[in-house]
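Letter by letter, the chains look like this.
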Amino acid sequence: MAIVRGADPADLALARAGEETRGTARARYLRRWLPISIGVLLAVAMIVVAAAAPLLAPLSPSAQFSDAVLKGPGAVERHLLGTDEFGRDLLSRIIWGARVSLQVGLASVIFGFGLGVPLGIVAGVRGGPSETLIMRCTDMLMAFPTLLLALIIVTALGGSLINEILAIGVALTPNFVRLARGLALTIREQDYILAARALGGGQLRVMARHVFPNALYALVVVATLYIATAIRTEAGLSFLGLGIPPPTPSWGNVLSEGRQYIKCCPWLTTFSGLAIMLAVLAFNLVGDALRDLLDPRLRGE
Amino acid sequence: MLQYVLRRFLIAVPMLLGAMSIVFFAMRVLPGDPCVAMMGDQATTEALADCTKNLGLNRPLAVQYVDYLWRSIRFDFGNSFRQGYPVSEYIARMFPHTFVLVTASAVVAALVGIPIGIVSALKRRNPLIDYPLRIIALLGLSMPVFWLGILLLIVFSLHLDLFPLIGGGDLDGVLGMIRSGEVFSHPADFLAGVGDVLHHLTLPALALGFTLAATVSRLSRSAMLEIISQDYIRTARAKGQGERAVVYKHALRNMMVPLLTIIGIFVAIALTGTVLTETVFTRPGLGKMLVDAIGARDYPLAQGAITVFTMIIILVNLVVDMLYAVVDPRVAYR
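Chains A and B, in that order, are what the protein sequence lines are.
The first sequence: position 183 = 183 (this note's numbering), numbered continuously.
The second sequence: position 316 = 316 (this note's numbering), numbered continuously.
Warning: the hint list may mix true and false statements.
[What the hints assert, rightly or not] Computed spacing ranges between beta-carbons, pair by pair:
#: 1; chain 1: B; residue 1: Ile73; chain 2: A; residue 2: Tyr29; range: 42 to 50 Å
#: 2; chain 1: B; residue 1: Pro258; chain 2: A; residue 2: Trp33; range: 44 to 52 Å
#: 3; chain 1: A; residue 1: Leu55; chain 2: B; residue 2: Asp170; range: 48 to 56 Å
#: 4; chain 1: A; residue 1: Leu55; chain 2: B; residue 2: Ile73; range: 52 to 60 Å
#: 5; chain 1: A; residue 1: Pro247; chain 2: B; residue 2: Tyr4; range: 51 to 59 Å
#: 6; chain 1: B; residue 1: Val66; chain 2: A; residue 2: Pro58; range: 55 to 63 Å
#: 7; chain 1: A; residue 1: Gly182; chain 2: B; residue 2: Gln230; range: 45 to 53 Å
Don't read these hints as lab results, they were simulated from the structure.
C-beta: ideal position from N, C-alpha, C; glycine also.
When you get a sec, could you build the whole thing from the sequences and use the hints?
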């Protein structure tokens, strides 16, 4: 019996399927763990750099070296990534800039989370007029894209670390309200909520002890992604000159200052932009991977 | 259908009002007196009082608020503090620049993003295709548009000298020729003008388009994933239709509805993107106008720019919602 020529199509399909499973199992393993490993590595590296900036930075971010103005990477041994127009060490400025980005990224997401999630859960669980009020306000804020809303608020308040956190935090809030409400709407219908109510749990208790913990997974996953958004927004604000005022270095203002020198000294914009991209990429990767791992319901959202 | 359209319209109105109120009050809590900003610290008290009166800032807040709303509806945003021209005139002049930028980057984003999204959804089990596509999408999503813009400028303007470093080309001239009918009398000049505009437009559109392509590809990927898990796709496959026919006849046609959503989201993020893009490329437009107005503390101009941004976003979403009902009849009954 000719094995190949007369092979039953079904057998062939089975054989192919077997191959595919073996191939895809490894691919799936890689696909699952490679991005999250890279992301976690980058994110941890960023946190370490930000936390240990005084130890890691080779020089002070504000020290001016008049003998090394606008020197390229490595042109002066002391300055690994070169210097800016005031002779300040670019590497040190980027290392210190990580602090601003990370502080704003984390704090504004915590702010948005802390403000938005309770509102969203109240809206989802209680319904009625409180829901209408909360969601109408949310819709209104949603009409503004994140950067635009943050820009309006930071313009009104003036540029500083706290104001940037507030502005981006408020700008992110509607996203958390929407998400938390959506989750609360589903969770509220579950039997265990009914059980908690039957046991005499008050509304507040049900929301805090039952709805919130069950929504937490999905919320944290999305929060990770918003850290990326927050870091990018911070960089954008700083780039526009609305963030932390110089001489405090942030990636956005280093890049913005370097813009005038792109002709002679492209390293200023290249490295600061690279730092922004890697940071945003880190939290995007972690968030994406967490979403795929923990919460298949949100996959592909 | 009509009821749906009406209801949707009625939701948009308070949203617009609310958004405009936010802008109004944000501009009122701004530190610093606009008159001081305009006339400097040396101005006499009388001159300042005069200025405050001229700008109508001495009236009760409620009166100013109602006045602002009423004027905004008629696109009257007052005069620019700095230049004295009506804000609406500025906006009208800047709008075409932003419009061509958003349109051109939409073309780039659609050409890059939609195919990537669809292919990565269909070939998600093939790591050789899926991986590179996901990496491109992630890079696009993580790359700030102003950085990509600067990199493009460094390579293509400074080193290769292929594209101009700043400006938006003579778009006003081109539009003027269209209005005056010179298009027909001087077609060569017109084409040269269009070429110049496109020449200036290429890099900004590529920068903004590529960063937006990432979002577009994600949205179209998830839309495609949703579609191919539908029952009608299984039915099509079950009746023995080839994969190609399944994709082209059934899946792609049903992409219309999610694509509409993408357009709505796209306009919002593209408009925000113009703020950064126009600043990087020193291109005239609404975004650059807004940034300059904020820098110069020209509140009416900033207020007008933000109001117009918001209006565009809300209106586009309104139109998109209405188109839903046209494309997908089920929506109207929801």
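Hint by hint, here is what the structure shows:
1. B:Ile73 - A:Tyr29: 42 to 50 Å: This hint is violated: roughly 59 Å between Cβ atoms.
2. B:Pro258 - A:Trp33: 44 to 52 Å: Given range 44 to 52 Å: violated, Cβ gap about 30 Å.
3. A:Leu55 - B:Asp170: 48 to 56 Å: 54 Å, holds
4. A:Leu55 - B:Ile73: 52 to 60 Å: 58 Å, holds
5. A:Pro247 - B:Tyr4: 51 to 59 Å: This hint holds: roughly 56 Å between Cβ atoms.
6. B:Val66 - A:Pro58: 55 to 63 Å: Holds, since Val66 of chain B and Pro58 of chain A (Cβ atoms, about 59 Å apart) stay within the stated range.
7. A:Gly182 - B:Gln230: 45 to 53 Å: 22 Å, violated
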